[in-house]
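> Could you put together the complete structure from these sequences and hints?
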Amino acid sequence: MSIFFLSSGLFLGWSLGANDASNVFGTAVGSRMLKFRTAAIWCSIFIVLGAAVSGAGPSRTLGKLGSVNAIAGAFTVALAAAISVYLMTSARYPVSTSQAIVGAIIGWNLFSGSLTNYDSLTKIVMSWVVCPILAAGIAIILYKLVAWFIMRFKIHMFTLDTLTRYGLILVGAFGSYSLGANNIANVMGVFVSVSPFPDISIYGLFTLTSVQLLYLIGAMAIAFGVLTYSKRVMMTIGRGIMDLSPIAAFVVVLAHSIVLFLFASQRLESWLISWGLPPIPLVPVSSSQAIVGAIIGVGLLKGGRSIHWQMLGGIASSWIITPVIAAIISFISLFFMQNVFQQQTYRPVKYMLTPAAIEHIREAGESTKAIEELQGKMFPNAISFKKALSKRIKLPHKTLELIVTSAEICKMKITEDKIAKINTGWITLEQKDVLKKLIGRCFVHKWMLDEALAKESPHWRPKENDRSYNNDLKNKLSYLYDLFQEMN
Amino acid sequence: MEFHILKKKIGIEKQIDDFLDQVSEAGLLFKSGVDNFLKNRIESFQEKIQHIIETEHRGDFLRRGLEEMLYRQTLIPESRGDVLELLENMDSLLDRFKGALWRFDIERPEICGEFHDDFRELVECVVQAVEAIVLSARAFFKDITAVADHMHKVSYWETESDKISTRLQKAIFGREDLGLSHKMQLRDFTRHVDEIADVAEDVADRLSIYVIKRSL
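Chains as they are written, first to last, in my numbering: chain A, 6 to 493; chain Z, 51 to 266.
Hints listed in this document are in silico derivations from the structure and should not be mistaken for laboratory results. Nothing here was measured: the structure is a model prediction, and the numbers come from that model. Fair warning: there could be bad hints in the mix.
For lysine-lysine, the following DSS-like pairs were computed, each having C-alpha atoms within a straight-line distance of at most 30 Å [stated by the list, open to error]: (1) A:K159 to Z:K263; (2) A:K159 to Z:K192; (3) Z:K263 to A:K307; (4) A:K307 to Z:K203; (5) A:K307 to A:K236; (6) A:K307 to Z:K192; (7) A:K416 to A:K403; (8) A:K403 to A:K128; (9) A:K426 to A:K481; (10) A:K479 to A:K399; (11) A:K307 to A:K355; (12) A:K149 to Z:K233; (13) Z:K203 to A:K159; (14) A:K149 to Z:K263; (15) Z:K263 to A:K40.
Stretch by stretch, here's where chain Z covers chain A in the computed footprint (C-beta under 8 Å, at least three residues) [as the list claims (entries may be wrong)]: (16) 35-49; (17) 162-168; (18) 247-259.
Heads up, the beta-carbon is just placed ideally off N, CA and C, and yes, glycines get one too.
See the structure below:
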C-alpha cells in the first residue's frame with residue numbers, strides 16, 4: 006500500500022521536472038545555445054545532486070504537504086497538484102509547482118474543515134505581481150551591465166559565444182541544484198513516514214538510509230520528468246514569449262537566480278543581520294514568475310515590440326488557473342478517496358477554548374470577554390469553531406488566528422521511548438536534554454509544549470531578528486507535535 | 051576539455067582573420083596587376099594573376115573550413131546564417147578581383163594612354179571600397195560599435211568609383227578615332243571594375259542589418 010501512496014509523489018516529481026526545468030535551461034535551449042539533450046542531462050544530474058546533498062537534511066523533511074495529516078490525504082493532494090501541473094505542462098505553460106501544491110492543500114483544507122492560512126494565499130497573489138516586476142528590473146540592470154562589459158572589453162563574437170555557453174551551463178547547473186534541493190521535500194517529504202525501503206549498505210562503503218533512498222527515487226522522478234517531457238515548456242520560455250539572443254538568455258536566467266537569492270534567501274538575511282546590515286525584505290518569489298518577469302524586462306528594454314503579448318496573457322492566466330484547478334481536483338478526489346475507497350484522508354483536529362487557552366489569549370493582550378461563553382465547548386473542526394466565533398464578534402484576521410491556534414487541541418504526552426526515537430543532529434543534544442526534563446508531562450495544546458520548552462531552556466526559545474533560526478525552530482516543534490501526539 | 055574548446059575558438063577567430071586577409075590581399079594584387087598591365091609589364095602581370103589565383107584558393111579553403119566548423123559545432127546559433135552569408139559575400143569580392151584580372155589577361159584590351167590615370171584611379175577607389183568593407187567585417191566580429199566607422203567609407207568610395215566610371219565612359223565614347231567595338235570593350239572593362247565597388251556596397255548594406263540584429 007505504501008508503494009501505491011508513493012506513486013503520486015513520484016508523479017508530482019515527474020510533473021515538477023517537466024515544468025520547472027524550463028526555468029533553468031529553457032532560455033539556453035530556446036536560443037539554441039544548448040541542445041535539449043545536453044541541457045536535460047546537466048539539469049538531471051544537478052537536480053539529483055541537489056536533492057541528495059542539500060535536500061535530504063532533517064529540517065527539510067517537512068515539505069509543504071506536511072500540514073496534511075493523513076497519508077491518503079497527502080497522496081490525493083500530491084496527485085491533484087501533479088495533475089494540474091501536468092495539464093499546464095501539456096499546454097506548454099510555465100507554472101509554479103509549489104503554488105499548485107498550495108492550491109491542492111487549500112482543497113484539502115476545505116474538505117477537512119481546516120483553516121487556510123491567508124498568508125500563503127497573499128504570498129501566491131503577490132508572487133504573480135511583485136516577483137515578475139523585481140525580476141524585470143534586475144534583468145534590465147543586468148542586461149545594461151553585460152552590454153557595457155562586452156562593449157568595453159571588445160569581446161570577439163566567438164569568445165563571447167563560448168563564454169555565454171559556459172555561463173548558461175553554470176547558472177543552469179546552480180539553478181538545477183537548488184531546484185532539487187528546495188523541491189525534493191515538497192515531492193517526497195510527506196511520504197517519509199511510509200517509506201517502504203530498508204536501509205541499504207553499498208559494499209560496506211556507505212549506507213543509504215530509507216529516507217535518503219526515498220529522496221533519491223524522488224529526485225530520479227524529477228530528472229525523468231526533465232528528460233521526457235520538459236522540452237515543451239522550455240520552448241515556451243526560450244522562444245514563446247520572445248526570441249531571445251544568447252546574451253539575453255544568459256541575462257534572464259541570471260536575473261531569475263539573483264531574484265531568488267536576494268529576495269527569498271533566509272541565509273542571506275541572517276548573514277546581513279549578523280554583520281549589522283539592514284536585511285533585504287523577503288518577498289514571495291517563485292522561479293517561474295521570476296523567469297517570465299526577466300524575459301519581459303529584456304523585451305521591454307528592447308522596445309517591447311518583440312514580446313508576444315498573447316502568449317504572455319496565456320501564461321498569466323495559467324498562473325491563476327493552476328492553484329484553482331489544483332484545489333478543485335484535490336477536493337473532488339478527496340471526496341472519492343474518503344467515500345468510495347474508504348481511506349482516511351485527514352485526521353480531525355478539534356478545537357476547544359480551555360481555561361488555559363483563554364488565559365493564553367489574554368496574555369497575548371487580546372480581550373476574551375466576547376468568547377468566554379464558548380469556553381469548554383468542543384468544535385469538530387476549525388471552520389465550525391471560526392463560524393461560532395464570527396457569530397459572536399467580528400475579529401481582525403490576526404486575532405482570529407491567535408484564538409484558533411490557541412484553542413487547537415493536540416493531546417501530547419512526553420515519553421522516554423519517543424524521545425529515544427529522536428536522532429540528534431538536527432535536534433541538538435541540549436534540546437533533547439531539555440525534552441527529557443519534561444518526561445511524563447501531558448499537554449493539550451501545541452503552544453503549551455512551546456512554552457514549557459522555552460521556559461526550561463534558551464535552546465528552545467526563538468531569537469530576535471533571526472528568521473531562519475526561528476523557522477527551523479518551528480519545524481522542530483512541528484516534528485515534536487507529530488511525535489508526541491496521542492492518536493486516540 | 052575546456053581548454054581544448056577555447057583553443058578551437060581561437061582557431062576560428064584566426065581563420066576568419068586569415069580569410070579577410072586574403073580578401074584584402076586580393077585587392078592589393080588586383081591594383082598592382084592592373085598597374086603592371088597598363089605599364090605593359092606582362093611578366094609581372096602574369097605573376098600577379100598566379101598570385102591572385104592562389105589567394106583565391108586559400109580564401110575558398112578557409113571559407114569552407116569555417117562554414118563546416120560553424121555548422122558542425124553549432125556555434126553562434128543566432129548569427130550563424132548572417133556570418134555564413136557575410137563570408138560568402140566577401141568571397142565573391144575576392145572572386146571578382148580574380149575574374150577582372152583574368153579578363154585583362156584574356157582580352158588584352160588596348161587602353162589608350164589618356165585613360166590610364168582614370169583607370170588607375172577607378173581601381174584605387176574600388177580597392178579602397180573593398181578595404182573598408184574588410185575593416186567593417188573585422189569590426190563586426192571584434193567590436194561591433196566600430197563597424198559604422200568603416201562602413202560609411204564603403205559608400206564614399208563606391209560613389210567616387212561611380213563618378214570616375216561615368217567620366218571614363220564619357221571620355222571613351224568621346225573619342226571619335228576608336229571603333230565602336232573598341233569603345234564597347236573599354237566600357238565593359240570600366241563597368242566590370244566599377245561593379246566590384248557596387249558589390250562591396252551591397253555587402254555593406256547587408257552587414258548593417260547583421261549589426262542591427264546583433265546590437266545589444
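> Look at each hint and say if it fits the structure.
Here is what the structure says about each hint:
no.: 1; hint: A:K159 to Z:K263; in the structure: 17 Å, holds
no.: 2; hint: A:K159 to Z:K192; in the structure: 6 Å, holds
no.: 3; hint: Z:K263 to A:K307; in the structure: 11 Å, holds
no.: 4; hint: A:K307 to Z:K203; in the structure: 29 Å, holds
no.: 5; hint: A:K307 to A:K236; in the structure: 26 Å, holds
no.: 6; hint: A:K307 to Z:K192; in the structure: 22 Å, holds
no.: 7; hint: A:K416 to A:K403; in the structure: 24 Å, holds
no.: 8; hint: A:K403 to A:K128; in the structure: 16 Å, holds
no.: 9; hint: A:K426 to A:K481; in the structure: 14 Å, holds
no.: 10; hint: A:K479 to A:K399; in the structure: 29 Å, holds
no.: 11; hint: A:K307 to A:K355; in the structure: 57 Å, violated
no.: 12; hint: A:K149 to Z:K233; in the structure: 59 Å, violated
no.: 13; hint: Z:K203 to A:K159; in the structure: 22 Å, holds
no.: 14; hint: A:K149 to Z:K263; in the structure: 17 Å, holds
no.: 15; hint: Z:K263 to A:K40; in the structure: 22 Å, holds
no.: 16; hint: 35-49; in the structure: holds (count 4)
no.: 17; hint: 162-168; in the structure: holds (count 5)
no.: 18; hint: 247-259; in the structure: holds (count 3)
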